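Residue numbers (our numbering), protein chains in the order written: chain A, 1 to 265; chain B, 1 to 493; chain C, 1 to 447.
In case anyone wonders, no lab produced these hints; they're calculated from the structure.
One thing to keep in mind: the hints can contain errors.
Stated by the list, open to error - Calculated cross-link-like contacts (lysine-lysine; reagent style DSBU-like; alpha-carbon spacing at most 35 Å):
1. C:K122 to C:K408
2. B:K185 to C:K337
3. C:K320 to A:K106
4. C:K77 to C:K177
5. B:K487 to B:K296
6. B:K487 to C:K320
7. B:K429 to C:K408
8. C:K77 to C:K122
9. C:K119 to C:K198
10. C:K129 to C:K177
11. B:K296 to A:K106
12. A:K112 to B:K296
13. C:K122 to C:K191
14. C:K337 to B:K36
15. A:K112 to C:K33
16. B:K149 to B:K159
17. C:K165 to C:K198
18. C:K337 to B:K487
19. A:K99 to C:K33
20. C:K255 to C:K320
21. A:K112 to A:K43
22. C:K320 to B:K296
23. C:K255 to B:K487
24. C:K177 to C:K119
25. A:K106 to B:K487
Since this is a predicted model, take the numbers as computed values, not measurements.
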Amino acid sequence: MNDKNIMESHMGTTAIKISARDVQVYYGDNHAIKDVSIDIEDKTVTAFIGPSGCGKSTFLRCLNRMNDTIDICNVTGSIRIDDEDIYDRRVDPVQLRAKVGMVFQKPNPFPKSIYDNVAYGPRIHGLAQNKADLDEIVERALRRGAIWNEVKDRLQSPGTGLSGGQQQRLCIARAVATEPEVLLMDEPCSALDPIATAQVEELIDELRQSFSVVIVTHSMQQAARVSQKTAFFHLGNMVEYGETGQIFTTPQDPRTESYITGRIG
Amino acid sequence: MSTTSLLVIAILILATLGYFLASKRAISTAGGDRRKLHSLPVYYGSNAAMFTAIPALGVLLIWLLAQPMLVERNILSTIPDKLIPEGSSIGLVMSDVRRVADGLEVVVSTGTLSQNETLKLDTEQTDIRALLAGVGAAVGSDVQPEVLKAAQNYRAQTKMGQSWMVLIIVPLALIGFALSVLAAKPTFRARNTVERGILALLVLAASLAILTTIGIVFSMLFESINFFKLHSWTDFFFGGSWAPNFRGDSDLSILPLLWGTIYISIIALIVAVPVGLFAAIYLSEYAGPRVRAFAKPLLEILAGIPTIVYGLFALVTVGPALVRVFGRGQEGLLGLEWMSGATAVLTAGLVMGIMLIPFVSSLSDDIINAVPQSLRDGSLGLGATPSETIRQIVLPAALPGIVGAVLLAASRAIGETMIVVLGAGAIAKFSANPLDAMTTITTRIVSQLTGDTDFASPETLVAFALGLTLFVLTLGLNVIALYIVRKYREQYD
Amino acid sequence: MTDAIQKTEKKKSSLLQLDARTRTRNAAETRFKAYGMIAIAFGLLMLSILVFNIVTRGAGAYQQTFVALEVELLAGKLDEKGDRNLDDIKKVSTFGYTPLLSNALEAKVAELEIETDLKAKKMVGILSKSAAAQVRDYALNNPNQIGETVGFEFLASSRVDGYLKGRVSRDSIGNDKNISPAQLDLADALKAEGSLAKRFNMSFITGSDASDARPEAAGMGTSMIGSFFMMLVVLVLALPIGVAASIYLEEFAPKNWITDIIEVNISNLAAVPSIVFGILGLAVFINYMYLPNSAPLVGGLVLTLMTLPTIIISTRASLKAVPPSIRDAALGVGASKMQSVFHHVLPLAAPGILTGTIIGLAQALGETAPLLLIGMVGFIASNPPDSIATGLLSPNSAMPAQIYEWAKRADPAFYERAWGGIIILLVFLVTMNTVAVILRRRFERRW
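Turn these sequences into a full structure, and let the hints guide you.
Take a look at the structure:
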């Protein structure tokens, strides 16, 4: 198929972090994801775009098995991270999620202090030997979340007291603190104002240095701004996948073209 | 009584008449053209019925409530002190008076004696007791002349009150009838008036809740004041012993009862809170839809079972089972001799705990479900296990609500009656041994107010003081708990 | 970047192997989950123990031991003059009939050649104390049969009944002066012959309470009637008042401090201990208004006040569930606010209101404590009332109060009746709740 050719043409240039083959997702009787195969590269920002309800968020949640928490959800096919099948029976989703962090659509800081929000992951995964260690991890995470300067004087105040943009950056810092290898972001800017969005986008670009970042967005401009690779989803199918510039300028599939030019969506 | 019912029937007939007359008149004054009327004819009729019946019935109701009190006050002042026997009270004499008066009423209505003959009755010549017994009205002892006289007075004043009642209420109904039928003209805004009347009824119904509370507080307050006139309040609140003695001079302190109540409630909460909370956690966070659909209603059955069933369960099943374990010496399961009877703090506490399980679990279930899913997702997405998510994120977030639920459960436990009446025993004492029989505030209220009660002795009146304390205690817990729960809900709304 | 360097230092772990920490964490997870399951299992276990107890202990009340005897209505004892004058026959008290019973038993023993050293007077001990009254009633109703021999079915005494049900054994009656092993032998012999047997006991469902000495004759019927009249009062008062109050609070009440107080008040009243309502009933309805003691009317009034908050809370919830668009539509065609509520909102909320009312009634039906304070206890009514007025005003008991009365008598025979009464009570409650659930399922509307 068309998209397979495109994928293959990019193989070998960068290390493949995640490789999915023939993934199907069912919500009860509803076939939500049909036959999706994709290779996601390391140290790259990959954007999933598409109209709402196209399955891009569902597929994202498959990558760290968040769909396990929904009873009626059933996933088949294979998804491999570093060549290990994450749906293998021996894999513990808890361990997987430590490796594949996630940031959600709505900022969801815990009703705890800013410090405890960030320290939560390292604490449960036992990443710190002592208090000093933990302090260092928290500070590093907050710096990487580009929020350190704003909160360094009030680490003990509640995380829910921050503004929306700050909350989302706190959530990113929280996800980064557990030292994941992949960072999944589910429309991280949809609840934010333009200024906060710009800050978060800038942050995503920096995070690319250390992680493989996968971001779901409904905004094509955002995908164009932050991502190197883009996949277009439509009605549960992945229609097209390739270099972001190429997808936006010379889409191969008529559906992609219709979406990008604003005829569907 | 018959006068009252006749009056009610008359008013209702008049109201019905008013209904038809007014709607007819409205149509006829409009020249038979309904469209010229401001409101539907029904409203003109209803308006007339309303103005005829409501004021009259309202006054009637107030009259019926107030008259006995006024008459009684008059009669009480005429009863000489020497009539009150040693150890008795004016209340008992008054109830004798009332009984004699009621008896005489029956004597007249059955035709044994005429109205005039009853007025001429004399204790010297007639055996009143036998006369009354003849019509089925039992009087405790021979009727004294003063009591007979008071009873005659009582009857006369009641009769006079009734005549006045008829004289006032009948014109009132007639005036309402006349005015409202005359008002039935096309320009009259009948619907608005009727609706205002209905609204007033709705307000009245809503204020019944307030009225109930006021009734509760005052009914207990007055009798409690009477109690504290007879018994020192320091002994009641700070004394150390509870030993009612119907010959008087009792020790009536609430402290031993309060201790029993609290001890049993604590045991009940020790059973109900962990079990209920873990059940709620399992049902809301782990159980699949099928387990939930099956286990949740089954657990809630426990809440629908009447408390008398739990009481019997404690007395006949759980108590003896505990005795088999902790008592009976060599014959018992453990060879211990710690428990002698089936009724004990542990018996009542355990069974009450079982009763409270669904109460705690369904309240906690609501509260846990109110914690937003995004917090759970956030925690799971960081690689926390579900139990870590629950313990470190969900429970701390739900804590205020859960505290509220526990307080509500505690208030339930403190006010619970049947389980402790049957399962806890009747001995008031301070003991830390859960295998001892102890007693509670509610059991003492039941025992002081059932059986032959004399509403003038401190031994009976103490029940009202106990009830008031219980009410204040549970009210306090409820207000705090409801406030916390409400605040908690607002947080996530 | 320094971050990148640190990252490479981190050990590369395989997802396919569980590290030690994850294993301990998973163990904690399993334990935590197990606590939840244990809690559910504990709750369900208690429920099943309770149900098992009710069924096994209560089923016995529906079976009763009867003794079939041929009793000769001796003319010489019952009607000495022989003119069948009813007034003269009435003069013979119940005690006068006891010899007839002992004669009948003696005859039976002789006929069956049962060996027993019991005196005839002692033999009567296997019959209920109500047996003589039963014969007397029969004789008074059929004076022309005096002198003949009539076949009767008598209730066996509660001890004999307990013996057949396995509640009483020869070991357990050591100090019991109401029964002796010899009497049990006699019962065995009669049972073998077939004139003493257990059968279904309708009078437990229809009959009235009996005195302490005759547990075998006690029944639930009269207290069921008492409960019925109370529920009637609750339904007639609580439903209209509750609905009216809810309509006001939900549709008309302005948002001000008075409304706030009423609302807080209602939710607090719902949590006030039921016994407090009993005290209120005693003080207001009986001591102040002089309503008759022990009357279902008073019980109904007390339970009405107790049930009102429940009904108001559920009615308000179902009124709230009717979308505002319905109200707007009615107002839009020129209906008054009152008309929009009574013509449109109320009918749509009716199923929910009915469900809430049934649940409130079920709660009131099982309530005991307040009834004790207003004197609605057992053994005060022996005959069913003959009219609605007497049903409301004459003393009666209620089902839960009757059960309490039996539980208090501390006699295993009465415990059996208490459990049996609970079965009837629960049958009513289950029926009511099922109706409520069906109503909700059937008419529930999602807007």
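* To do: Take a quick look at whether K177 of chain C and K119 of chain C sit within 35 Å of each other, Cα to Cα.
  => holds, 15 Å
* Asked: Do the alpha carbons of K129 of chain C and K177 of chain C lie within 35 Å of each other, as the hint requires?
  -> holds, 15 Å
* Distance restraint between K487 of chain B and K320 of chain C, which requires alpha-carbon spacing of 35 Å or less -> holds, 21 Å
* To do: Could you grab the alpha-carbon distance between K112 of chain A and K33 of chain C and see if it respects the 35 Å cut-off?
  => Holds, at roughly 25 Å.
* **Hint consistency between K77 of chain C and K177 of chain C [alpha-carbon to alpha-carbon, up to 35 Å]** => It holds: about 29 Å lies between the C-alpha atoms, which stays within 35 Å.
* Holds or violated: are the alpha carbons of K112 of chain A and K296 of chain B at most 35 Å from each other? -> holds, 32 Å
* To do: Sort out whether K337 of chain C lies within 35 Å of K185 of chain B, counting only the CA atoms.
  => Holds. K185 of chain B to K337 of chain C sits at ~23 Å (cutoff 35 Å).
* Asked: Does the alpha-carbon distance linking K320 of chain C and K106 of chain A stay inside the 35 Å limit?
  -> Within the cut-off at roughly 30 Å; holds.
* Taking only the CA atoms, is the gap from K255 of chain C to K320 of chain C under or equal to 35 Å? -> holds, 16 Å
* Asked: Taking 35 Å as the top limit, are the C-alpha atoms of K119 of chain C and K198 of chain C close enough?
  -> Cα-Cα ~25 Å, so holds.
* Are the Cα positions of K487 of chain B and K296 of chain B separated by 35 Å at most? -> This hinted pair holds, its Cα atoms lying about 26 Å apart.
* **K99 of chain A paired with K33 of chain C [C-alpha distance capped at 35 Å]** => Holds, at about 25 Å.
Of the numbered hints listed earlier, not one is contradicted by the structure.
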